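Each residue of the sequence shown is one higher than the one before, counting from 1 in full-length UniProt numbering.
A hint or two may mislead.
Quick list of in silico lysine to aspartate or glutamate cross-link-like pairs, EDC-like style, CA-CA up to 20 Å [stated by the list, open to error]:
#1 K47 / E20
#2 K47 / E25
#3 K33 / E11
Each pair of labels, with its calculated beta carbon distance range [said to hold, decoys possible]:
#4 D66 / E30: 19 to 27 Å
#5 K31 / M71: 31 to 39 Å
#6 M68 / D35: 17 to 25 Å
#7 M68 / C46: 18 to 26 Å
Think of the hints as simulated: they come from the structure by calculation, not from any bench. Note that this is a predicted model, so its numbers are computed, not measured. Even for Gly, the Cβ is constructed at its ideal location relative to N, Cα and C.
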Amino acid sequence: MRRSYIVDRIEGSFAVCEEEDGTMENISLEKIKGDIRDGVILLETCKGYFRVDEEKTREREKEVQDFMKGMWSDEE
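Start from the sequences and build out the full structure, keeping to the hints where you can.
Right, here's the structure in full:
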């Protein structure tokens with residue numbers, strides 16, 4: 001099974017990423033293919049190289065938006 005990560009933030013030439021088990025890992029931006037930004041999901045393609053999974057990223061963004069919907073409104 002391929003490992004997946006969520007990009008927490010970009011620091012210099014590294015993406016600081018959270019693994020599924022909650023551990024953090026720094027991944028060199030040179031080893032990532034795709035539009036790298038905070039919140040995207042990375043999949044390991046081969047040992048030490050990664051790609052942005054746009055489909056899973058969109059799904060995650062929608063889940064977060066749905067969760068947040070109405071959270072800040074005055075409706076009860």
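A quick look at each hint next to the structure:
Between K47 and E20 the alpha-carbon distance is near 17 Å, which keeps this suggested pair within the 20 Å criterion. The straight-line distance between the Cα atoms of K47 and E25 is roughly 14 Å, inside the 20 Å bound, and the hint therefore holds. Restraint check: the Cα-Cα separation between K33 and E11 comes to about 17 Å, which is no more than 20 Å; the hinted pair holds. The hinted window of 19 to 27 Å between D66 and E30 is violated, with their beta carbons roughly 35 Å apart.
Separation of K31 from M71 is about 36 Å and conforms to the stated range, judged on CB atoms against 31 to 39 Å. The beta-carbon spacing between M68 and D35, approximately 23 Å, falls within the hinted interval of 17 to 25 Å. In this structure the supplied range 18 to 26 Å is violated for M68 paired with C46, their Cβ-Cβ distance being about 35 Å.
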